[in-house]
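K.L.:
Chain by chain, the residues:
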Amino acid sequence: MNIQYKKGVLELCVLSLLAKRDWYGYEISEFLSQKIDIADGTVYPLLRKLKSEGLVTTYLSEASGGPPRKYYSLTATGRETYASDRTDYLNFAATVQTILEEQET
Amino acid sequence: MTKQEYLNELKSELNKNVVADAEDILGEYEQHFLFKLADGFSEEEIAAKLGAPAQIALQFAGIPGEKKAKGGKKFFLVLWLTIIGIFEAMLYGAFLSFIVALFCASLVPAALGVEFIAGLNYLNILPPMPYSGAIVFGITLLAASVILVVFAIYCLAYLKQMVRASLRWRKNLLGAEALPLLPMSPQFKPKTRRALRTILLWAVLIFAIGFVAGYAILTIYTHSFGFWHALGWFGYPATVY
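Chains as they are written, first to last, in this note's numbering: chain A, 1 to 105; chain B, 1001 to 1241.
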């Protein structure tokens, strides 16, 4: 599958995960790289970008054994952005699907 | 590529792209290695799955760094924290003295209680009364001592937690990454908290029952609600004992 498709929706996937609960970076990277064929290292720049845009914040949490984990959490702006981007994407995807299926038959 | 080779190359690529907070980013990738190694992957496998350092560094390029208090701003922050710190230290000092006083104060009823129960009158400080009343009041005084000790332990835990919360808050203001703020109230382990609560409940119960029972015993013994008159306390002439 074309890498450009994946990169575009990866951000939306990360927001979707964070909308459910707080995740730490490695967890997100593991989860997404198991479902979508991407390089493991791609998620960290994405998280940093989301943070610099103010969509997520980070906090450290002491884990039993090992260094403190950096957790990512959606901000209020992040939640709004996710809600509207999600609707946009679902509409877009539905339209694309309709077009593609019409062409096939 | 080994872990060290990968991190070195990533570092030089990040510098080439003038990426902000390079140390922070490298830390995150190092943690990735550690998590994966713990899952049983080899360093080479992990490096291969991460993607080429040059590619990664390119994705970081152009993302602005995090804002941090720097230079003059930081100087005023430190100055301000120092001024607050002086007042905080005074508060903590006063609180600590109070706690020490509480511990000392708990020794007084303990000593008196032991004297009553043992039937001693060391230093001749106990008022005269029959032993049936003395043993009940002795137990009551021991319970009072326990109440004071539990209160002092609670205060000490409070002080400790206040100092910890204050230090954490300072560290957050000065450091790059925020750790969660700590609550000010004492944080006991559930087991300790239950034990303290049980001890306190029993002490209060024993104190209350002992006080009423002691009063009743002496009232019956002297046939007087103001038994201290009959027993000759506070300089009254004794009529019973």
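It is possible that part of the hints are untrue.
Here are some chain A residues the structure puts well away from chain B; computed CB gaps all over 10 Å [stated by the list, open to error]:
| id | residue |
| --- | --- |
| 1 | Lys35 |
| 2 | Thr75 |
| 3 | Ala93 |
| 4 | Thr95 |
Think about it this way: if two alpha-carbon atoms lie no more than 20 Å apart in a straight line, the pair counts; the simulated EDC-like pairs of lysine to aspartate or glutamate are [said to hold, decoys possible]:
| id | chain 1 | residue 1 | chain 2 | residue 2 |
| --- | --- | --- | --- | --- |
| 5 | B | Lys1003 | A | Glu30 |
| 6 | A | Lys51 | B | Glu1023 |
| 7 | A | Lys35 | B | Glu1045 |
| 8 | A | Lys51 | A | Glu101 |
| 9 | B | Lys1016 | B | Glu1028 |
| 10 | A | Lys70 | A | Glu11 |
Some chain B residues well away from chain A (every beta-carbon gap over 10 Å; in silico) [said to hold, decoys possible]:
| id | residue |
| --- | --- |
| 11 | Gln1031 |
| 12 | Ile1056 |
| 13 | Leu1096 |
| 14 | Ile1139 |
| 15 | Phe1188 |
| 16 | Ile1217 |
| 17 | Ser1224 |
Calculated from the structure, these hints are not laboratory results. All C-beta atoms, glycine included, are put in the ideal place defined by N, C-alpha and C.
K.L.:
A cut-off of 10 Å on Cβ-Cβ distance, and B/Phe1188 was said to be off the interface with chain A. Does that hold?
P.N.:
holds (19 Å)
K.L.:
Classify the label on A/Lys35 as holds or violated, using whether its beta-carbon is more than 10 Å from each beta-carbon of chain B.
P.N.:
Check passes; 15 Å lies beyond 10 Å.
K.L.:
Decide if the proposed pair is consistent with the structure: B/Lys1016 and B/Glu1028, CA atoms, cutoff 20 Å inclusive.
P.N.:
Roughly 19 Å separates the two Cα atoms, so the pair holds.
K.L.:
Does the claim that A/Ala93 lies outside the interface with chain B hold up, using a Cβ gap greater than 10 Å?
P.N.:
Holds, since 25 Å exceeds 10 Å.
K.L.:
So is B/Ile1056 really clear of chain A, every C-beta pair being over 10 Å apart?
P.N.:
Non-interface label on B/Ile1056 violated, nearest chain A Cβ at 5 Å vs cutoff 10 Å.
K.L.:
Next pair to validate is B/Lys1003 with A/Glu30; report whether the Cα-Cα distance is within 20 Å.
P.N.:
holds (18 Å)
K.L.:
Was A/Thr75 rightly flagged as not at the interface, with every chain B Cβ beyond 10 Å?
P.N.:
Per Cβ check, A/Thr75 is outside 10 Å of chain B; nearest 14 Å; holds.
K.L.:
May I ask you to check that B/Ile1217 keeps its beta-carbon over 10 Å from the closest beta-carbon of chain A?
P.N.:
Holds, because the least Cβ-Cβ distance between B/Ile1217 and chain A comes to about 56 Å, which exceeds 10 Å.
K.L.:
So if I understand the rule, the pair passes when the alpha-carbon distance is 20 Å or less; does A/Lys35 with B/Glu1045 pass?
P.N.:
Roughly 18 Å between the alpha carbons, so the hint for A/Lys35 and B/Glu1045 holds.
K.L.:
Taking 10 Å as the cut and beta carbons as the points, is B/Ile1139 off the interface with chain A?
P.N.:
For B/Ile1139, whose nearest Cβ neighbour in chain A is about 45 Å away, the distance exceeds 10 Å, so it holds.
K.L.:
The output says A/Thr95 does not contact chain B. Does that hold with a beta carbon cutoff of 10 Å?
P.N.:
Holds, since 29 Å exceeds 10 Å.
K.L.:
Within a Cα-Cα threshold of 20 Å, do A/Lys70 and A/Glu11 meet the stated pairing?
P.N.:
holds (18 Å)
The structure fails hints 8, 11 and 12 (numbered hints given earlier, in ascending order).
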